[in-house]
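Protein chains: 2
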Amino acid sequence: LATSFSSLAAHPNLVITEADVAQMRAAIQQPGRFSDAFHKMQTRVDKEIAQPIRVPVPKDGGGGYTHERHKKNYQQMYNAGVMYQLTQQAKYADFVRDMLLAYADLYPTIGLHPKRKVKAQNPGKLFWQSLNESVWLVYTIQAYDLIYNSLSQAQISKIENQILKPVALFLSEGQPSTFNKVHNHGTWATAGVGMAGYVMNQPEWVEKALYDLDKSGKGGFIKQLDVLFSPQGYYTEGPYYQRYALMPFVTFAKAIDNNQPQRHIFEYRNGVLLKAINTTIELSYAGLFFPINDAIKSKGIDTSELVAGVTVAYGLTQAPGLLDIADKQKQIILTGDGLKVANALDKHLEKPYPFSSIAFGDGSDGKQGALVVMRSQLGGDQALLFKPSSQGMGHGHFDKLTWQYYDHAEEIVSDYGAARFLNVEAKYGGRYLPENTSYAKQTIAHNTIVVDETSNFGGDVDLANQHAPTLNYFEAGSFGSVSNAEIRSAYKGVLLQRTLALVKLPELGQSVALDIFDVNSDDKHQLDLPVHYQGQLIDSSFVIDVNTQSLKPLGQNAGYQHLWLKGQATPESGLARVTWLNKNGRFYTQTSLVSGDETFLFTQLGANDPHFNLRNEQAFIRRVKHTSNHRFISVLEPHGDYNPGKEYTLGATSNVQTLDVHQQGDLTLVNLKMAGFSYLIVINQDQKPDANLERQFT
Amino acid sequence: LATSFSSLAAHPNLVITEADVAQMRAAIQQPGRFSDAFHKMQTRVDKEIAQPIRVPVPKDGGGGYTHERHKKNYQQMYNAGVMYQLTQQAKYADFVRDMLLAYADLYPTIGLHPKRKVKAQNPGKLFWQSLNESVWLVYTIQAYDLIYNSLSQAQISKIENQILKPVALFLSEGQPSTFNKVHNHGTWATAGVGMAGYVMNQPEWVEKALYDLDKSGKGGFIKQLDVLFSPQGYYTEGPYYQRYALMPFVTFAKAIDNNQPQRHIFEYRNGVLLKAINTTIELSYAGLFFPINDAIKSKGIDTSELVAGVTVAYGLTQAPGLLDIADKQKQIILTGDGLKVANALDKHLEKPYPFSSIAFGDGSDGKQGALVVMRSQLGGDQALLFKPSSQGMGHGHFDKLTWQYYDHAEEIVSDYGAARFLNVEAKYGGRYLPENTSYAKQTIAHNTIVVDETSNFGGDVDLANQHAPTLNYFEAGSFGSVSNAEIRSAYKGVLLQRTLALVKLPELGQSVALDIFDVNSDDKHQLDLPVHYQGQLIDSSFVIDVNTQSLKPLGQNAGYQHLWLKGQATPESGLARVTWLNKNGRFYTQTSLVSGDETFLFTQLGANDPHFNLRNEQAFIRRVKHTSNHRFISVLEPHGDYNPGKEYTLGATSNVQTLDVHQQGDLTLVNLKMAGFSYLIVINQDQKPDANLERQFT
Ligand SMILES: [Zn+2]
Ligand SMILES: [Zn+2]
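Top to bottom, those sequences are chains P and W. Numbering follows the working numbering, with no gaps: position 320 of the first sequence is 361. Numbering follows the working numbering, with no gaps: position 571 of the second sequence is 612.
In case anyone wonders, no lab produced these hints; they're calculated from the structure. Quick caveat, the model's predicted, so the values are computed rather than measured. Worth double-checking, as some hints may not be accurate.
To be verified - On the chain W side, residues computed to face chain P include the following (Cβ under 8 Å):
#  : residue
1  : 357
2  : 358
3  : 467
4  : 529
5  : 533
6  : 536
7  : 559
8  : 578
9  : 590
10 : 596
11 : 653
All residues carry an ideal CB built from backbone N, CA and C; glycine is no exception.
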């Protein structure tokens, strides 16, 4: 790889280049999305630069005044810098210049932040932790680059020597353990320092940012690209964190590409960065990310980080599906790529994003389990998420082999997500609630097996991080999608193996979700398999013994202490149906094939919740006691239409007439009769056949 | 009034006239909404007339095959008749003709319906009850009128003599008690018979439809107009039933106006019919009707009955606000008025509907209490519904002086509505659930005082129908809206008097809802005042003793048996705050001024609910025991913004600093300090002052 770049670099030349600026200046003279976005931003920036510049001595930790002020400052400098380039009006450059000079006056006078955490390896100076300082540098170095040409040599000298270079050195040489760390914090640090290297002509900084302080390649941006994403572009913490992690990757990569195109950074590792952007999109449904691990449910494709990612990706690929996402994001970025997106949307070049059924390998090698998405557009937009993925570090949940199911724009079989009211002071200071640990992370909060009322790995994160499930196969074809995975380590001596399929039944104009969960062990255990359903219980094929006069918690530990036991039943051998009505107006029936030994426990969340922190969601739990081997079999079927507004109700009852499952060697044979149509579904459990799923219609 | 009309009437001349048809035929040649609606309907009708005609011998009750078939038949005949007029294609007329001839063959052979209710006064022949038969006639006589000109004299004779005239006679002379009844069933019957009179040249039928079979005016359509609506156009059962009741009124009135314009039917009683249409609109929020009495919540302004009403009203008034409603309804009717609506929407003539703050008098005289709507657009679209109205007959709830509050498109303080899953067989046959009586109708299910754990009037509907609250005053002005009402009869020896105000605070850019509820009696009672809040409890200014390990019902009767008691607290003297977060992303704080004697009970719905019929909603109930006089004082305040998607939370805590209330003779003085602003709100409780509400800003 070439490592040199011009010492007389043009400005700007990070995410935005001189050539971009010329086109952007022309574009704001024409009506259209780009011009609209420009005028909106200009109104905002004009208000901001009318305020006095405030660069306070650092004092407060996260959320406090000086913390928030310094965060606002870098955003305002960046936006004013863009305005300067687009309008060539001095007032914008002057604002950035004066603020930078104020920082240059302040920075040499301060030491480590007074609110830094004791013994923390990553204190900041402007902020309590260096992560914020790295983000500050990523924005500020771009702002500086944008107004560079307006500065005198004396101003350049003061700003570079008293603030920008000291910050860059503090974040690199000053904190080697963070800078070299293969972790999201390291990405922000290397991005800031590397971009500072381009702008201030320090090729060595760029080398160190890319390949570790010692240039060994053991740390640095390239190593992060090697390790933090799987070959398919999946980030192990899940989409909620992936979209956040993307930001410094995309920003720095774009700056690298503009300064040193010969590095072909976007092609690195078979284009892993573009894959990561697309994976983040693929891990969404109805605009929201699948809520796995500590995810807050309202995050979706319109987050600013993914707007940046989609914009850069469109600039590189001109893929019309990305325009569809950009259109839904409703935000145009004022960059060269943003202009391309705006122009293309003005011309209505967007096409539906081609969401697919896909298994995203987990881990750097893609072999630490996988996150599997199955989709069907038969009779509505359905998604089935199967999660035989690795733990996903500290924010991971003990949810091995869980699934989620979506239909007609809503959650149907759901995950609680994170127990947190972000930034709401009254709710545990806005941090993760105690119930995030005591409930949301626990296995019982998920749609997967709990053995003996304990969570996977006994709830031990370190242990969990060492063991991933094995994806035995995944296949998607014209019949639908099927996947099988197993894990032996979640519970000592217990093999959990699950087969999930989203089977298309074109004769009925719909799909069904088939679930076969095998548990095998030497000893006898209690097995619980919950279905966290979203909606109002409508009917069951068996009588439920309901606790009408008193409620007690289902258990005392591992999340069970939060579940009120509302009722129970042990259906007779045969088909046991539970039907609920979702707010999307459709009915859903889970039909289980039981042999009289499964007890159904109906629960409601909210016990041992002294601060009303939990949402009052519902579940039913299939329980088998004293068993060493059990196969849980069920099919989930959407049906009907409830429309009280138009005063009609159609198809409120299940269409499943017969469900039989037999095993013949590697073949699982499922006889399913629905609405008069008989199907034989054959699943080949051998791990490498030509086709795992076949469907015969008789 | 003139009573004659031409015996050589033109056809068609009911809702659609010859002149309308000429314009409609031209319109379908042009692009636009009308043409779109026509083509959509034509596609549907073409499918329907391709099916064999089925006129089965009546056999099934409501929901059964023959019942549904005869309902479909009249709709199909009507639509095919319209198609005939618009296209002049014989196939459409032939379809209607053949079906009418089939009915002419069938009708003379059948007696009363086999599934008629025993001892019912209103059996049908084609249907189990004559209400359906009346609706059949309303549609069918229009279909006949639309194809009349295509028929031979022999066909006319057979159809009129063997089906249309016999049905009209059966519904009038054959059922005098229903026909003359001042009730919605009577409206359908008189509409059908009266329209048959116009089409078949029977002026006497029209007279009887308008003025009772004996033409005394004691019954009939005119009497219904006098009695069923209040002078302001309010129908005592509430908007859910009002929009349904509107249909025959609007249809018959339009036919009267086209045949006998000299009757000035739409001007009758100061234009009560137009008022009734507008009142139905005014009684909606965010497109849905206020759910009072046995209302299902998803009904709103897009119901077909209100589409018909708005279309006729626009034809008469050309009010641009009605176009706004029509635009949201997204349905164009194929009539002359429908064409006017379509053309105006094509030209974008719509203006926002001018929703207002208004007290709708209840009862024929407008003095049986009132339904009060207060609105404010300060800081969002807010509505406060105050309900000192009469019982509203059999579908009424025991909810005297209750209120509901709406903000930012959502319910905030809510009413349960009806406990019913319409047409869902598994839920009690789709009828009103037992819990509709045991919970939804009960006083505790509402946001009003319950005395001694019993409902208003001891839950006796007949008694309740005899007593209405008194509206003492209502005023709306620049300061906001205020109203006061009382009732002495809901509980023996107890005077309930409530003042509700929606006060605008422009300095804060918002409104607050002020609630002062006075209870006075000679004896000591237990008083409960619930707030059924929609959202997640966020915080309270006092510690709640939460039942974490066991839940019990709050009581045993009058709806209390359905409430789990989740926790309780008795806040110290001063301000007691409860804050919740609604799904619209805003916080709501109810601040109560207490003197240490009010206990707050936190409840969740769902006890004694063996079939999972109830939604699991939340409430807190302020309780005072052993008291003869108590004033409940509170203010409800929207605040802040919770946006986890964009990762910010603003204003999660209440801005109320001081709340003091003093009485000086007729004047209620409220000192309210919020976010540093001090207000003195003066409410003059004298019933006839110039201004009831004043607000001083200090
Ligand atoms: Zn989870
Ligand atoms: Zn009610």
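Hints, one by one, checked against the model:
Given the 8 Å rule on beta carbons, the hint for residue 357 (chain W) is violated: about 27 Å separates it from the nearest Cβ of chain P. Because the beta carbon of residue 358 (chain W) sits about 26 Å from the nearest beta carbon in chain P, more than 8 Å, this interface hint is broken. Interface restraint check: residue 467 (chain W) against chain P, minimum CB-CB distance 4 Å, threshold 8 Å, status holds. A cut of 8 Å between beta carbons decides the hint on residue 529 (chain W): the least distance to chain P is about 37 Å, and the hint is violated.
Interface hint at residue 533 (chain W): violated, since its Cβ lies 31 Å from the closest Cβ of chain P, which is beyond the 8 Å cut-off. Among the interface hints, the one on residue 536 (chain W) is violated; its C-beta lies about 35 Å from the nearest C-beta in chain P, farther than the 8 Å criterion. Checking residue 559 (chain W) against chain P by beta carbon gives a least distance of about 31 Å; that is not within 8 Å, so the hint is violated. Taking 8 Å as the C-beta contact cut-off toward chain P, the hint placing residue 578 (chain W) at the interface holds, the least distance being around 4 Å.
The criterion of a C-beta within 8 Å of any C-beta in chain P is met by residue 590 (chain W), whose closest approach is roughly 7 Å, and the hint holds. Annotation: residue 596 (chain W) was flagged as interfacial toward chain P, and the flag is violated, the nearest CB pair being 12 Å apart, outside 8 Å. Taking 8 Å as the C-beta cut-off, the interface hint given for residue 653 (chain W) holds, the closest approach to chain P being about 4 Å.
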